[in-house]
Amino acid sequence: LSTEAQVHTVEHVHRDDEGSRLGMWLFLFTELILFGGMFLIYSVYRYTHPADFHIAAQELNRIIGTFNTAILLTSSLTMALSIAAIQRNKIRLSIFLQFLTVLLALFFLVNKYFEWSNEIHHGFYPNSETLLNESSGKILFFGLYYVMTGLHGLHVVVGFVMISVMMRFTSKGIITHDNFVKLENTGLYWHLVDIIWIFLFPLFYLIT
Amino acid sequence: MCMAVQAVAIDSNGHEPSYLKHKGKYSGIKGWVFSTDHKRIGILYLISIMTFFAVGVTLGFLMRLELIAPGRTIMGPQTYNEMFTIHGVIMIFMVVVPLIPAVLGNFFLPILVGAKDVAFPRINLLSWYLYIIGGALVLISIFLPGGPADTGWTFYIPYSVRTGTNVIFALFAAFVLGFSSILTGLNFITTVHRLRAPGMKWFKMPLSVWALYSTAWVQVLATPIIGITLLLVAIERIFHVGIFDPAMGGDPVLYQHLFWIYSHPAVYIMILPAMGVVTEIIPVFSHRTIFGYKFIAFSSIAIALFGSLVWAHHMFTAGMSDTGEFVFSLLTMLVAIPSAIKVFNWIATLYKGSIELGPPLLYALAFIFLFAIGGLTGVMQGVISIDMQVHDTSFIVGHFHYVMFGGTGFGFFAGLHYWFPKMFGKMYNKKLAKVAFWILLIGFNLLYFPMLIMGWLGMPRRYYDYLPQFHPYHLASTICSWVLIVGLILMFTNFIKAFRKGTTVTERNIWGGETLEWQIETPPIHENFVKIPIIEERPYQYKDNELLADKQEVI
Numbered sequence: 012l013s014t015e016a017q018v019h020t021v022e023h024v025h026r027d028d029e030g031s032r033l034g035m036w037l038f039l040f041t042e043l044i045l046f047g048g049m050f051l052i053y054s055v056y057r058y059t060h061p062a063d064f065h066i067a068a069q070e071l072n073r074i075i076g077t078f079n080t081a082i083l084l085t086s087s088l089t090m091a092l093s094i095a096a097i098q099r100n101k102i103r104l105s106i107f108l109q110f111l112t113v114l115l116a117l118f119f120l121v122n123k124y125f126e127w128s129n130e131i132h133h134g135f136y137p138n139s140e141t142l143l144n145e146s147s148g149k150i151l152f153f154g155l156y157y158v159m160t161g162l163h164g165l166h167v168v169v170g171f172v173m174i175s176v177m178m179r180f181t182s183k184g185i186i187t188h189d190n191f192v193k194l195e196n197t198g199l200y201w202h203l204v205d206i207i208w209i210f211l212f213p214l215f216y217l218i219t
Numbered sequence: 050m051c052m053a054v055q056a057v058a059i060d061s062n063g064h065e066p067s068y069l070k071h072k073g074k075y076s077g078i079k080g081w082v083f084s085t086d087h088k089r090i091g092i093l094y095l096i097s098i099m100t101f102f103a104v105g106v107t108l109g110f111l112m113r114l115e116l117i118a119p120g121r122t123i124m125g126p127q128t129y130n131e132m133f134t135i136h137g138v139i140m141i142f143m144v145v146v147p148l149i150p151a152v153l154g155n156f157f158l159p160i161l162v163g164a165k166d167v168a169f170p171r172i173n174l175l176s177w178y179l180y181i182i183g184g185a186l187v188l189i190s191i192f193l194p195g196g197p198a199d200t201g202w203t204f205y206i207p208y209s210v211r212t213g214t215n216v217i218f219a220l221f222a223a224f225v226l227g228f229s230s231i232l233t234g235l236n237f238i239t240t241v242h243r244l245r246a247p248g249m250k251w252f253k254m255p256l257s258v259w260a261l262y263s264t265a266w267v268q269v270l271a272t273p274i275i276g277i278t279l280l281l282v283a284i285e286r287i288f289h290v291g292i293f294d295p296a297m298g299g300d301p302v303l304y305q306h307l308f309w310i311y312s313h314p315a316v317y318i319m320i321l322p323a324m325g326v327v328t329e330i331i332p333v334f335s336h337r338t339i340f341g342y343k344f345i346a347f348s349s350i351a352i353a354l355f356g357s358l359v360w361a362h363h364m365f366t367a368g369m370s371d372t373g374e375f376v377f378s379l380l381t382m383l384v385a386i387p388s389a390i391k392v393f394n395w396i397a398t399l400y401k402g403s404i405e406l407g408p409p410l411l412y413a414l415a416f417i418f419l420f421a422i423g424g425l426t427g428v429m430q431g432v433i434s435i436d437m438q439v440h441d442t443s444f445i446v447g448h449f450h451y452v453m454f455g456g457t458g459f460g461f462f463a464g465l466h467y468w469f470p471k472m473f474g475k476m477y478n479k480k481l482a483k484v485a486f487w488i489l490l491i492g493f494n495l496l497y498f499p500m501l502i503m504g505w506l507g508m509p510r511r512y513y514d515y516l517p518q519f520h521p522y523h524l525a526s527t528i529c530s531w532v533l534i535v536g537l538i539l540m541f542t543n544f545i546k547a548f549r550k551g552t553t554v555t556e557r558n559i560w561g562g563e564t565l566e567w568q569i570e571t572p573p574i575h576e577n578f579v580k581i582p583i584i585e586e587r588p589y590q591y592k593d594n595e596l597l598a599d600k601q602e603v604i
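Read top to bottom, the protein sequences are chains Z and U.
Counted the way my numbering counts, the first sequence spans residues 12 to 219.
Counted the way my numbering counts, the second sequence spans residues 50 to 604.
I should point out that these hints are in silico values taken from the structure, not numbers from a laboratory.
Just to be clear, a hint being listed does not mean it is correct.
Which chain U residues face chain Z? A few, computed with CB under 7 angstroms, are given here [to be verified]: (1) Pro207; (2) Ile287; (3) Gly291; (4) Leu307.
Only a predicted model underlies this, so the values are computations on that prediction, with no experimental measurement involved.
Yeah, the Cβ is synthetic: ideal placement off N, Cα and C, and Gly gets one too.
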């Protein structure tokens, strides 16, 4: 009865930015572990078939890979800047930077499309005759290549959709300079997508 | 006489309607399936999980019936294989894993920490929808041409990429159900971190909150592994990508590792919340402060931690280095320590308490007894030489039914008998509850103990047929499965009858509990608390207990 004054701290629980961020970080843990499972498989097979992995990696297009790395890194920068902009109440700048991020995500996916079609054109796709005649290490390498970059690509698509929704939220005034946790969490997600690529790039393209 | 908590001015503005009668945006059935109220979601889970439990029990009953005599009795080997697979998938992913966190946890965790709801109410509802989608996928897999999966719930490679049955549906079901489980865990962790009532420090939390909190971490950190693993098997089946299939150079043992990295911690996702429930019930029914609060709290964390590092004991016969076997065997036995700490503390709490043998306590005591048998047979299997003998025998089946049904199942029944009056404002027939309890306990033991014996003698698991020498054990086991089912029907009839026309309970604290749920209305109002309480003392302070009057325990 005496301590009624303290109650107000939890009374308005409707908005809890700290809680939202905590939830997002927990979700990112699960994403990391999801990919962690695949990185584990990768390391086991690379350990058992080092020579095959080395040769198989030469089939990949390192230039497109490098381009895509640069694109994703830049998009992480524009994403971070868009949050900095909204904090300074520069709404139009923030929307513009989010738009740039979305555009870069699109570039990434277009590049990925060309890269994959190129591999498929050369006959390197799951269950293809060319691949089945190769060594088992090469089959595993390409299996993991398609699954891991594919799942990563799926995350890029999800990020693309999420940032587009955030653009709409920002223009409708749902995301403002004092309520931007949604944009911040989307940014966290986008950085995760970036980080995973940073590990995928050397593991698949640079081990030749 | 001092209460653990001082709830402030609850009756200030008359009577608010209970959450059962609360009118929100929607009414009728929509008011339930679109409700983000954690209590209503808990009830939705209760109904859906119990429905799937009935399906799982029916499958188990049919399998037992097949085994009543050697040779083919009611089904052939293929049907039997499909049945144990679906029985396993339903019981593991749809019943035992979500059972306590999703039903009792959803309903009581926010109340126990003094919050109005979980941290993310809409995500909470989403996780229920994912659960239903997962369940639908399992049911679809049964009725589509091709037949239900026949791989066992473990989906071992290479059979799971070769068989023509609907494995993909079962895999996706497990994936979606895993996602549902992750979201529940994520919600609970955030709730415990952010929404505790003012004054509720970590060591003032009720112990079931500690248990659910540890469980939630395992859910969040272990489930993604099985998610990706099962997804990879599905991808391997659909696109013929070489990942695990040895024909493409893959490694089936790697699959087993990844599978058990989740599926062993999943055992602790199942058992920890049950331990939490039992920890709530024992002090209330012995009218005594819990013995060793911090030991119980930390043992939950220790179980979660060690339990995540023992997965390869499922694979002692699959090929592993001697060092690996040694390490995993040692760690397996170490898990027994925190588990035993809990058991000793429960018994120490009961010691010299004034014990009231109500239905919740009976179930809680049965939990301790059955869990002890399940746990000790588990330690036996941690010994590599014994494991080589009993691996893939019905000894294993008996062991994990003691842990999962005897442990989690009875823990859940204990919790349901304990909290049912609070949840629905109705009281069940206590006498009938006790009768059902004894029938259940006898049926349970005589159903599963023969499995331990014949497994020891060499009866393999997952066989629809057996040698005549095992007949007496199988016969006893099958007959007692009927006893168990009678017990289950009695128990649930009792609950349903109570819900429809049981005596109404409006008293807030019918059992004399000292945690927050007993200080609010029965059944709770929509936002649980009229005013968020201020916590000043630890839970379970039974200072009015004469036996303890002058020697209050200090931890």
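Violating hint indices (sorted, rising) | 1 and 2
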